[in-house]
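Peer 1: Heads up: the sequence lines are chains A and B, in that order. In this note's numbering, each residue's number is its place in the first sequence (first place is 1) plus 937. In this note's numbering, each residue's number is its place in the second sequence (first place is 1) plus 44.
To be clear, the hints were calculated from the coordinates, so they are not data collected in a lab. Quick reminder that beta carbons are idealized off the backbone N, C-alpha and C, glycines included. Treat each hint with caution, since some may be false.
[Claimed, not checked] Below, simulated BS3-like cross-link-like pairs (lysine-lysine); rule was C-alpha separation at most 25 Å, straight line:
#	chain 1	residue 1	chain 2	residue 2
1	A	K1284	A	K1212
2	B	K113	B	K139
3	A	K1192	A	K1212
4	B	K113	A	K1284
5	A	K1295	A	K1323
6	A	K1444	A	K1295
7	A	K1347	A	K1312
8	A	K1444	B	K139
9	A	K1279	B	K113
[To be verified] Not the full set, but computed from the structure, chain B residues with beta-carbon under 8 Å of chain A:
#	residue
10	E73
11	H74
12	A84
13	R87
14	T110
Single-letter residue listing:
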Amino acid sequence: MKHLNRSIRTQIILVTLISLLVLAGILEITHQYQQQAVLTNTERRVGLTLIRSVNNTINSVRAFISSLSDIAELDTRLTELVQLNTDIDFIAVTDATGLVIFHSDHQYQGQQVSGLSAFNAQETIAKEVTGFGKVFLTALPFASEGLADTPQYWIIVASAAEPIQNQRVNSAFASALVTLILTLTAGFFLIIFLQAYFVRPLEQLTKATNAIEAGDLTIRVQTRQNNEIGQLARSFNQMTQQLASLINTLEERVKARTVELEIARDQAEQASRAKSDFLSNMSHELRTPLNMVIGYTSSMLTMPEMYNQVELPAVFRNDIELIRQSGKHLLVLINDILDLSKVEAGKLTLNCTAVDLKPLLDSVVAASLGLIGAKPLQLRSDYPDKLPLIWADTMRVRQILLNLLSNGIKYTASGSVTLTAEVRAEQVRIAVTDTGAGIPESALNTIFDRFEQLQTDTDIQGTGLGLDISQRLAQLHGSHITIDSQIGQGSTFAFTLPLATAEQISKTASDPGMSDNAEVFSGAEELRQIALVVAADPSTRQLFRSILDAAQIVMLEAVDGQNGFELASGVLPDLIIWDTSIETTDHQQWFDQLRNNAETRTIPRILIQAGAEVTAPADQPVIYKPLTAAHITPVIQAVLGNRKA
Amino acid sequence: MSHILLIEDNQNNADYTIRILQGAGYEVEHYFGGLDGARAARRQRPDLILLDFNLPDIDGNVLILTLKKNLGGKAAPPIVAVTARNTAVDRQLAKSFGFDAFVGKPFEPEELLQIVKTLLPNSRLSL
Chain A
938 MKHLNRSIRT
948 QIILVTLISL
958 LVLAGILEIT
968 HQYQQQAVLT
978 NTERRVGLTL
988 IRSVNNTINS
998 VRAFISSLSD
1008 IAELDTRLTE
1018 LVQLNTDIDF
1028 IAVTDATGLV
1038 IFHSDHQYQG
1048 QQVSGLSAFN
1058 AQETIAKEVT
1068 GFGKVFLTAL
1078 PFASEGLADT
1088 PQYWIIVASA
1098 AEPIQNQRVN
1108 SAFASALVTL
1118 ILTLTAGFFL
1128 IIFLQAYFVR
1138 PLEQLTKATN
1148 AIEAGDLTIR
1158 VQTRQNNEIG
1168 QLARSFNQMT
1178 QQLASLINTL
1188 EERVKARTVE
1198 LEIARDQAEQ
1208 ASRAKSDFLS
1218 NMSHELRTPL
1228 NMVIGYTSSM
1238 LTMPEMYNQV
1248 ELPAVFRNDI
1258 ELIRQSGKHL
1268 LVLINDILDL
1278 SKVEAGKLTL
1288 NCTAVDLKPL
1298 LDSVVAASLG
1308 LIGAKPLQLR
1318 SDYPDKLPLI
1328 WADTMRVRQI
1338 LLNLLSNGIK
1348 YTASGSVTLT
1358 AEVRAEQVRI
1368 AVTDTGAGIP
1378 ESALNTIFDR
1388 FEQLQTDTDI
1398 QGTGLGLDIS
1408 QRLAQLHGSH
1418 ITIDSQIGQG
1428 STFAFTLPLA
1438 TAEQISKTAS
1448 DPGMSDNAEV
1458 FSGAEELRQI
1468 ALVVAADPST
1478 RQLFRSILDA
1488 AQIVMLEAVD
1498 GQNGFELASG
1508 VLPDLIIWDT
1518 SIETTDHQQW
1528 FDQLRNNAET
1538 RTIPRILIQA
1548 GAEVTAPADQ
1558 PVIYKPLTAA
1568 HITPVIQAVL
1578 GNRKA
Chain B
45 MSHILLIEDN
55 QNNADYTIRI
65 LQGAGYEVEH
75 YFGGLDGARA
85 ARRQRPDLIL
95 LDFNLPDIDG
105 NVLILTLKKN
115 LGGKAAPPIV
125 AVTARNTAVD
135 RQLAKSFGFD
145 AFVGKPFEPE
155 ELLQIVKTLL
165 PNSRLSL
């Protein structure tokens, strides 16, 4: 931009100067030419006048020449002539040798002049005659009888006109000088004007463009011009204003939309949380009674020791088993619903380990055998005894496989359901193939949709969530369940799982995976310290919660003295923080109990008091209100540190 | 005879658990509340504690901590979380709180006994 600017300025200067100089040159040449013509005319005129004057003079003078003796008469007449004729400066008469016989200016009389021989009778153009100074003269050779080639006298007539040659040179020089000065002055002003008129607005525009580029939309270009540049500047200002208002509008819209979206997102998140919480709680509430259903039916079937060694009579066993299976089915459905809500909330995460696939496959086949019932159906295992470790979440893979096997068994009236597994590249491909009715092509696209079920058999039960969840679980494993189905032939559901890397295998070795429902943890966790905060004021409890959370101390809270003592005596925390500033009727009573109880009296205490005017017991640290984290934290550290030591 | 302390607020579930354990020859003492259970644990020093995660009077994570600390930290008897909050997250939480084992509800008698037997390998059962 700047470069362009400079170049425009340079261009203007150059173009202006060059054109002015050319113009000045042309003018000067024309002027000189005219001047020359004028001067030539003047010369001619002066010459003619001189000739006329000289002729007249000579004619007048001639009469006196013959009688040169009467000098006085000649003097009078010639002086008169000079006075009468303004073109004649002086008149002189010399003899042939150049001796001045007469001069209208008497001081020259008797002087010797030279150079007269350069004149001749026809010459009327001025020549310099030495002796009279730098005066241009016309001299005529003259003899007593008339004009002669061999003169006896010279009649010299000096013109009063300016020395024309000098005048010519001087005037040409002066004219050129004046023209140059005028040209330069005009050029200077023209350049200033052009700068102000063209370059400055362009500079302003450039500056404004740069400012806009930098994000300043308040800039305006000042202009009073009405021409194209002014037009451009005004358009530019208009454009800038529109841009600014457009951006403002846009920003406002974005802001408004952002607020709307934030509100909508918050609402959606809240709704989603509420749903998740509800489902989680519901699941919990449903599991508790199911514990009775599944638990007691199992124990009746398998644990006679719980019944004084009385075995369940065979006549009941089938029904009890049915209740147990139904209970388990119900549990699967509850889990499905919970899983789905988690998948939807994006909260379902995998707990991957290096998994030995063979026992897992064996166990799902064993678990699915019970589903066949009386159907003429074979459940086949078709996989090698030795399979490499895979990287997967055991529980979730089991869930997928149980779902696929139960579907296969459910939808196959006779024939077989086969579970296969084989290593392909860096993956294991697991497939469930049945010899069922097959899935119509029209249904293939919707089969993974939620609540979608093949309505071929009204006896078939289920939520219709199984395949949807299985697909999502496979996707969490970076896989995808594919279906290959032919009507009347059967279907194959297949997915792949990655082989575990050496690093993953070593990681798993140190962290044994979790079993289905019950497990013993390995490795002891660091036991954190517990602090009990007894305070009626919620903001005080909140403050302590943030401080204790930061210090990795587990906080227990009580609102009043009784609750505080209950918790303290039950839990025996590492520290009790007791706020006495809000007096409740029973506060002192319970605090005394705390100090007297054999188990709780040794627990370090920190008292919180409203102000120093209340006398504090001497045996414990006191924090005075107003409370700040800055003066609470060191006190807690000091107390707990002492205890540890 | 091994002595097991059960802290569980649901009567039916408690009965079920007690019958399984008694059937297997263990002596079981049951408390509904966490604070009462903690006091009893300090008095009786049981060989194993079964603790419901969700008690009305005190958070399960605080209770497990206080039980462990009151009963000698690393030397404390094993404490098993027995809970209907039975997800992978719940299980990791239980581990981080310091539980030694986890039994999710609903559980079959054999599942519970398996865990108990693992944690009390040397106890002589009065069968």
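Peer 1: All the hints need checking, so say for each whether the structure fits it.
Peer 2: Tested hints:
1. A:K1284 / A:K1212: holds (13 Å)
2. B:K113 / B:K139: holds (16 Å)
3. A:K1192 / A:K1212: Distance of about 29 Å is beyond 25 Å: violated.
4. B:K113 / A:K1284: violated (33 Å)
5. A:K1295 / A:K1323: Between K1295 (chain A) and K1323 (chain A) the Cα gap is close to 7 Å, so the pair holds against 25 Å.
6. A:K1444 / A:K1295: At roughly 20 Å apart (the allowed maximum being 25 Å), K1295 (chain A) and K1444 (chain A) satisfy the hint.
7. A:K1347 / A:K1312: holds (10 Å)
8. A:K1444 / B:K139: The hint holds at about 18 Å.
9. A:K1279 / B:K113: violated (35 Å)
10. E73: At 16 Å from the nearest chain A Cβ, E73 (chain B) fails the 8 Å test, so the hint is violated.
11. H74: Since the shortest Cβ distance to chain A is 16 Å, the answer is violated.
12. A84: violated (10 Å)
13. R87: With Cβ-Cβ at 11 Å, over 8 Å, it is violated.
14. T110: It holds, given that the least Cβ distance between T110 (chain B) and chain A is near 4 Å, below 8 Å.
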